[in-house]
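Protein sequence lines correspond, in order, to chains A and D.
Everything in the first sequence is counted per this note's numbering, starting at 573 for the first residue and increasing by one.
Everything in the second sequence is counted per this note's numbering, starting at 573 for the first residue and increasing by one.
Each hint should be verified, as a subset may be incorrect.
Repeated chains share a single entry, so a pair holds when one copy, or any two copies, can fit it.
[What the hints assert, rightly or not] Calculated lysine-lysine pairs in the BS3-like style (CA-CA distance at most 27 Å, straight line):
#	residue 1	residue 2
1	Lys712	Lys833
2	Lys597	Lys580
3	Lys920	Lys579
4	Lys894	Lys851
5	Lys705	Lys786
6	Lys794	Lys712
7	Lys597	Lys943
8	Lys794	Lys642
9	Lys944	Lys719
10	Lys646	Lys895
11	Lys760	Lys894
12	Lys815	Lys642
13	Lys899	Lys712
14	Lys705	Lys944
15	Lys642	Lys920
16	Lys646	Lys899
17	Lys831	Lys817
18	Lys580	Lys894
19	Lys770	Lys899
20	Lys719	Lys786
21	Lys770	Lys831
22	Lys922	Lys580
23	Lys642	Lys579
24	Lys646	Lys719
25	Lys894	Lys831
26	Lys597	Lys879
27	Lys786	Lys922
By construction, these hints were calculated from the structure, which means they are not laboratory data.
Number of protein chains: 2
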Amino acid sequence: MKFSIIKKTPNSLARRGLLQLAHGKVQTPAFMPCATGGAVKGISAEELQSLGYELILANTYHLYLRPGEKEIRKLGGLNKFMNWPKPILTDSGGYQVFSLGKNWRALNPRPNYSGEMAFASLVEVNSEGVWFKSHLDGSKHFFSPEKVLAIQNDLGSDIAMVLDECTEFPATFERARESLAMTHHWAKRSREYWQRFKNPRQALFGIIQGSTYKNLREISAKYIASLDFDGLAVGGVSVGEGKTKMYKVMRWLGPWLDKDKPHYLMGVGEPEDIMEAVKRGFDLFDCVLPTRLGRHGTVWVTTNWQKFRRLDLRQAQYRQDKKVIMKDCGCPACSSGYSRAYIGHLVKAKEMLGMRLASLHNLWLINELMKKIRQSI
Amino acid sequence: MKFSIIKKTPNSLARRGLLQLAHGKVQTPAFMPCATGGAVKGISAEELQSLGYELILANTYHLYLRPGEKEIRKLGGLNKFMNWPKPILTDSGGYQVFSLGKNWRALNPRPNYSGEMAFASLVEVNSEGVWFKSHLDGSKHFFSPEKVLAIQNDLGSDIAMVLDECTEFPATFERARESLAMTHHWAKRSREYWQRFKNPRQALFGIIQGSTYKNLREISAKYIASLDFDGLAVGGVSVGEGKTKMYKVMRWLGPWLDKDKPHYLMGVGEPEDIMEAVKRGFDLFDCVLPTRLGRHGTVWVTTNWQKFRRLDLRQAQYRQDKKVIMKDCGCPACSSGYSRAYIGHLVKAKEMLGMRLASLHNLWLINELMKKIRQSI
């Protein structure tokens, strides 16, 4: 992997860069659509390319459970499998383990960090790794820092992520510190594993945690920097802590991150949040929002590319709205002339085409935003 | 509407024709994909055009219930609403009323035509029309021959269909005769209504019923011919009676139909059945099969365009199958290189893209078959 900074701005930490990966080049700042189960929901590889995307994210947790990383390896790797020729970043699977685990019925109560008894989730963390149950069939599985790297190696992604503990929000300082210790322990083991089994066609990114505590974030930034990963990711900033705290964390971290490495802000996809994060020096973003909102008939619109509004096309006010989603929009839905009334009708009628048109619009809008951001730097 | 026969074959009733409708020309024999709720499931208007379709079918029952024909009229009609510039045929809604009604819990037992008590469906037929309950909210609605024409007029389709009673299968001769009498009564009223309120931009097709009884089919063919509709449709041939009986009905009817009018065989979409029906003089076909099979991961393949096989890509045998669905196939899925293994995985993972790729393949294959059929005549 090679990362070059092409241009910087004098009045912020924003930078335009070029990421050279095994499967090609990626202009940054860039947004990655999420191909959760091996596809960005409803959108083909050709469509993603024609929307202008150069890098997508695939989920290790989902692909490990189905069809299995060994199956994908035998089929020639994730790129071949998905028929996507450009770079792919795979997450570590940790986020899904923790977030899906949270929703499950508690198994055994155990003391929490305040000394009170609490219900454990179906996720059992110990220093070795994390036990979890499949959301598909309830079967028990184990992820360790080493194992998720081996899985990502089988998948053959361009960028692999280390396993981290996604600290729940809110977390007390003590809980956040203890959770961070686990994340650091795993990061170190990831680094050691990587030094022994490095795949020259795959870059490895470390993840900074520390919840909303400034000194924990600072400790984490320094520690993860010391392990000299190819890139630096920041986790736990889009977990329900609200914009104010999210922006605070971005502002702290921006100046602490090694300027020569790509900076990936995980799970952030609201247009305004991306714009703010770019100013703080972040280069990569991922989020399920464009397709998740789209599937429910909600679309982003903007007139000035500074402020963005959401329209819920299922609402009665759009029943007779012949206009396209957004004026002068170049997305496949708007440029073909599909009306708000039609898309709203389709989503209400649970017709796949409606979800697709709204998702295509949102994906186009985010990529267009990234283009405009890059041009403005 | 104008229908011209371009070419005939000496050894069968097959003919190549051109149907000129308000929104353009349609080469026949032609297959119509079904846009049930205002969209062919998951497929955009541009995709249908680039697959080569010139005529699609939209469902009056579904559009009447949601968003409502008046809403669509205010939005400029069905073509504008769906962003589909080419011809549309709307069914009468009758088939949905009867077929959806059948699945509902019985309300009141009443004597059937064998004199035994039977459970009535939620559909109540009398000579005025048919009462039915919405499958969306259970609300009660009434369709009469006149009302479904008024609805189709609001929708603004190129071809409207008369209301008929879809005789259940199996039906005794007495039941089939009585049901046919209702269909004829409604056809006559449709004709009278049409003479008073004719829309010059809309053609009207009559429907021949009569179950699997030769003399009833003959009576119906003559009666419907006497009403001088723009086209002749044959209903009740794909209702579970099996291929042998379906083929028998086609063979009887072929020679009886007015040669100067287009012949539409309703609900038939299996490749072999279409090929057989073309030889019997049929010009138009519709069926939900291409997209229904596709949504479940089943695709048609053929090597010689005479015999067709179904592959269920969810089966274990395709887990490591790197091949495209069909060799030398020009469909969007195969020509982009998506593998059977990938599509099977996506369908199993309930990923929309899998359903779409399989549906696009099936729709492409049927249209390609129609092209080959036309070329062979």
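Q: Indicate which option fits the pair lysine 794, lysine 642 if close means a Cα-Cα distance not exceeding 27 Å: within, between, both or neither.
A: neither (36 Å within a copy, 65 Å between copies)
Q: Could you place lysine 705 and lysine 786 in one of the four classes (within, between, both, neither) given a Cα distance threshold of 27 Å?
A: neither (33 Å within a copy, 61 Å between copies)
Q: Have a look at lysine 642 and lysine 579 and pick one of within, between, both or neither, based on CA distance no larger than 27 Å.
A: Neither: 41 Å inside a copy, 56 Å across copies.
Q.
For lysine 719 and lysine 786, with the copy left unspecified, which applies at a CA distance of at most 27 Å: within, between, both, or neither?
A. neither (31 Å within a copy, 70 Å between copies)
**Q.** Within, between, both or neither, where lysine 894 and lysine 851 count as close if Cα-Cα is 27 Å or less
**A.** Answer is neither: 37 Å inside a copy and 44 Å across each miss the 27 Å cutoff.
Q.
When Cα atoms must be at most 27 Å apart, do lysine 831 and lysine 817 count as within-copy, between-copy, both, or neither?
A. within (23 Å within a copy, 76 Å between copies)
Q: With 27 Å as the alpha-carbon cut-off, assign the pair lysine 922 and lysine 580 to within, between, both or neither.
A: neither (45 Å within a copy, 43 Å between copies)
(Q) If the cut is 27 Å between Cα atoms, do lysine 646 and lysine 899 qualify within a copy, between copies, both or neither? (A) between (46 Å within a copy, 21 Å between copies)
**Q.** Identical-chain pair category, lysine 705 with lysine 944, by Cα at 27 Å
**A.** neither (42 Å within a copy, 52 Å between copies)
Q) Checking lysine 899 and lysine 712: alpha-carbon separation at most 27 Å within a copy, between copies, both or neither? A) neither (50 Å within a copy, 40 Å between copies)
**Q.** Copy assignment of lysine 770 with lysine 899, given that the CA separation must stay at most 27 Å
**A.** So lysine 770 and lysine 899 fail the 27 Å test inside a copy (49 Å) and across (39 Å) alike.
Q. Is it within, between, both, or neither for lysine 770 and lysine 831, if the alpha carbons may be no more than 27 Å apart?
A. Classified as within; 24 Å inside a copy, 74 Å across copies.
Taken one by one, the earlier hints fail for this structure at numbers 1, 3, 4, 5, 6, 8, 9, 11, 12, 13, 14, 18, 19, 20, 22, 23, 25, 26, 27, listed in ascending order.
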